[in-house]
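Please take these sequences and the hints and turn them into a complete structure.
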Amino acid sequence: MSLWVDQYRPRTLDALNYHKGLSDRLKSLSASGDFPHMLFYGPSGAGKKTRISCTLRQLFGPGVEKLKIDQRIFLSPSKRKLEINLVQSNYHLEITPSEAGNFDRVVIQELLKEIAQTQQVDLGAKQRFKVVVINEADSLSRDAQAALRRTMEKYMSNMRIILCANSTSRLIAPIKSRCLLMRVAAPNEEEILDVLQSVARRAGFDLPPEAGTKIAEDSGGNLRKAVLTLEALKMQSPDLTGPLSIAKPDWELYCQKVADLIIGEQSPGRVMEVRSKFYELLSHCIPPTVILKTVAERVVDKVDDALKADIMHWAAFYEVRMRTGNKKIYHLEAWVIKVMSLYKHFFYNIDMSEFD
Amino acid sequence: MSMFVSTGLLSNTLAGSLQPKDALEFGVANGLLNPSSSHSQGTTRTSSQATLEHSPISTPSVPDLDPQSLEMNFGSTFLSNGLLLASASHNKASQNDNLDSEDFELPTVTEAFDITPGPETPSRLSTTTPIHIPRSNVRATTFDGKTIYIRRKPKIFDPAPRAASSLSARTIGNLLNVPIHRLLDQLSMTTAANLARADQEALSHSSETTTPTRDTLWVDRYRPQKFMDLVGNEKVARDAMTWLKEWDFCVFGKSKGKKRSRDGEENLNTDEFRRPKEKILLLSGPPGLGKTTLAHVVAQQAGYEVMEINASDARTGSIIDDRIRPALESGSAIGSTKPVLLVIDEVDGATGAGDSSSTFVHKLVQLILAKPRRKGRSTHNKGHNARPLLRPIICICNDHNASSLAKLRPHTYQIRFNRPADIHLVKRLKDICTIEGMKADARALSTLVGAARGDLRGCLNALQFVKTRGKDVTELVIRKATAGMKETDSTVTSVLNNLFSPLSKKRVREMGLTDEDEARYVGRLSHEVGGAGRDTAIASGCFGHYATMRRHDANLSRHEKGIEWLTTFDQFSSAMYSDGDFALIQYLPYTVVPFYPLFHERSGEKVERNQADWEHMTVTRSNEEILKSLSRCLRNATIRHGGDFRHLLSHPILQTEFAPYINRIISPPLRPVNSQVIRPQEKALMNRLVDIMASLELRFVQEKSEDGTLSYRLDPPPIDVFVTYDGKRASDITVSRYAVRHLVSLEVDNRLISRDTEFVEKGKRGKHDFFGKPSTKEDTDGEAEYPNKKAKLDTRDIADKPPTDFFGRLITIQSASSTKAADRKNVERRYRVSYKFLEGNSAAVRKPVKVNIFL
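Listed in order, the protein sequences are those of chains A and B. Heads up, the first sequence is in the UniProt record's numbering, so the first residue is 1 and it goes up one at a time. Heads up, the second sequence is in the UniProt record's numbering, so the first residue is 1 and it goes up one at a time.
Simulated from the structure, these hints should not be mistaken for lab results. Where hints are given, some of them may not hold.
Only pairs whose alpha carbons sit at most 20 Å apart, straight line, appear in this in silico EDC-like list of lysine to aspartate or glutamate [claimed, not checked]:
(1) A:Lys-328 <-> B:Asp-613
(2) B:Lys-338 <-> B:Asp-248
(3) B:Lys-561 <-> A:Glu-99
These figures come from a predicted structure and were not determined experimentally.
The following block contains the structure:
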């Protein structure tokens, strides 16, 4: 049995709870018979993948839900074996090229050509083309994106590509211009609450409104997280009575602790303390950019308005450096020291400029 | 006549170039000396010699002569005669309680230091003529009250130290406003200049009688030949000798064992062949201390013939079989009557790391451990027809911690070489200099030893190099000759320590740096960092250490700068590695050098390797593995549930959202109640839990803790690490009790079994008929139904490994369909097991055959 996230996932465009306008557009697009390449983008947990699968169902009918999952092995130029998981139906194929790391180009080239060069053999199919869904498109390497460019045009008759990304900023312009951009915004709190209530109804229990609101608030527009939280809540306190504690992911709480440490004291000793906390977070495989973002948000919440812009600026600055660098901890700590020194200067009202 | 020449010469040159004050001083000095020189034959002779020696130079025919240095030389020569001898005679007495040996020559350094009389003393002292010094011994008392007499040596005239004393005496006039080391530097520079002049003169005027150059290295010429010649740590040498002597009984038999009458007492250490407990001697230490020499000398002394294997030979495992074993078994080298002793030099470079059994070190260990059952020809002990290792082996290495030696170390008797006391080395060098006819002062030699860090071989090579240029060894010459020697190999820790603490005074002296040189840190440090070649480790060491420094940093500005450099380092290095832009490598050392001006402090604590970084890395590795196995579970669940879990698989979602929540989802508050009396609500909860766990293939695995209590642990992937921070579990997750976990695990296992059989029936009937389910697996599954935990634990292992035949193919039962149809009929399948067992015996090549093949 699956988790509620999957169990109560809408299967058709009509069943979608929010962004009705978007659903309508998708429906008319898939009816028109001249379906473009598409790029779905939006924050995590907003429902991009749900919408993609609903659209596919709209295009091809229920046959698209008969999924087959297997592994393909590709050979990198250096003869390394790359294992890629393919999720496919008769009409479409889902890949996550970032599984191959730096060699995603190989996957894109070989797999897409192979799909593109075979025509749809199923005469009963509603559409003449197949659809390739590329997940995590924003982590595609430059080479892979370049490989995608020409393929998208050349094999238009046999294949459509649906890209799914968190943001378009890491996609090269030629790709963006070849796609129809679909922004899937995060649901607001009422919409999340609606969804939670409907999930609760289908699961056969009543969700106390205050608990629902709390979950919706905590989720930060991430519906997946909200539903997971709901299920955790239901499992942990099955009768939903008494004071309910809404679980937050542990790393988030830990990040908040780190932020409090930074604000609490500014000294080399504290830097060491914060460093050990960062090590702990990193060793739990939390992506460093997520750490930086969460801590920075918390710090910004707590400091004076005059400092907020600066702190965020430096967070962004070091985040970029972190992405280009190898040793994430250096950049995290650089930001911490920067914030500490900013905070100190602000606190004692010293002008920064003479120290630079 | 000589007097006249000297004074005339002096006045000439004085008028020419000297400052008036100096001129006066020199004039006085000369005047003062005159009477004494008229009294004393020796002094006059020397002074006249000096004058005569130099007189041709002062003629205008040599235009590039520097008159000032000449006079200084002269003045010093004259003045010192009276002063030095007298003062030396005074001060020897005061110094001699430092000295143990009677004929010990005072180093020039101390002489120079002892010239303490004020400016008026020369006039007083000069009246006492050096020739009248009484020849009686100087009496002195040592600290332990022993009275020793120091024989006064007739002083051989030596211009260099005298020059030193007079010069310093002159500058001491204003009581050391220039530090003494500066004076000494100046002094040695002057001497060097003089020497250079003398050389020049020698070259330009007289075709010198060149000594026939022998074409051997000094290192070889002065290699100790006898045990008594060895210099340095006596204990090390004796230890080695003692160890070797323990072999005597084994190697030389009883006849020679007579020497070792106390053998009886030491029998405890020796085995049936009377070998020492450790069969191998491992000498380790830095280069140039004489490890190889010691091995050879000791072997020779003990009457062995040395067979040496070193880095020039191939050192793979096969060499043991091809060369070493025959030699050791025959007992003596070819063409020699002496027993053989194997010296394996530079053993740390031999193959040995890793688990392969064919490496050199591994074979060596086998050789040592060989039991008597191995056949071997015997030459000495005819009584034994089987022969284990009966000859001593000495291994030599630089780094006794080398990974390749890990296996060898337990079987060895380890002797470590340390840097011997400088005084021994200086003495030995001095002896050698005397033999070679070089004039060397002890200060110069101790500088040499310091620069070489006790490396005697390096010292000898440097000296030989010096010899090619001149006969005299002064500090300056040594400095020049050892310019490259400063760059000793630097380890990560030493580099880090240099980055975070200023140079010690001693090291400054050893390297011969002036204050400015010391202040110029960039070149020195970047060179060191680059030399260590471990930029990343150094950077991470800096990172580990810089925030622990004690120096006050009010607004964290220094820390800001420091970390800025580190991030720069990271950017450079990642650009280097990811883009292959290795031209950047030469800039990397400079990014860590700024830590010196920012953070260096005296008496800071020693910098260690950045342990936190390493620990973090190992923890991250293991957590990544857990994450990987979790994602495998999810993937399997995806396959089984028609693509349901696949959205949770993508990279950040798995660890940031799924991992924390799944832990909460699978830990509901259940009570350990029998499933018959459970409330329907709880039963639903239980069902749901079991469903989820089964679909994700999460199980509780029973394990026994150290104190014997049983507990259930979440496994295959222990995903609860993702809710455990700082060693504490999240507070809102209740750890279910043992009984609950037991209950759940039973249920989950049942669910998994029934699912598997379902799968077999549904999925594997059609085209996969050939690869039907192996019967053993089904059988164990059947067994697992019994609530026998122990059996279950065992069966899981078997179940993980499907039985394979000789070729690694899955063993399948031909009549697979019947297997699948049967679900719970364990009784029937009991027979199958025995049938399978019989088949297993002849499973080498197995294929279905028709009966008519046998007919």
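Hints numbered earlier in the text: which of these fail when held up against the supplied structure? Violated hint: only 3; rest satisfied.
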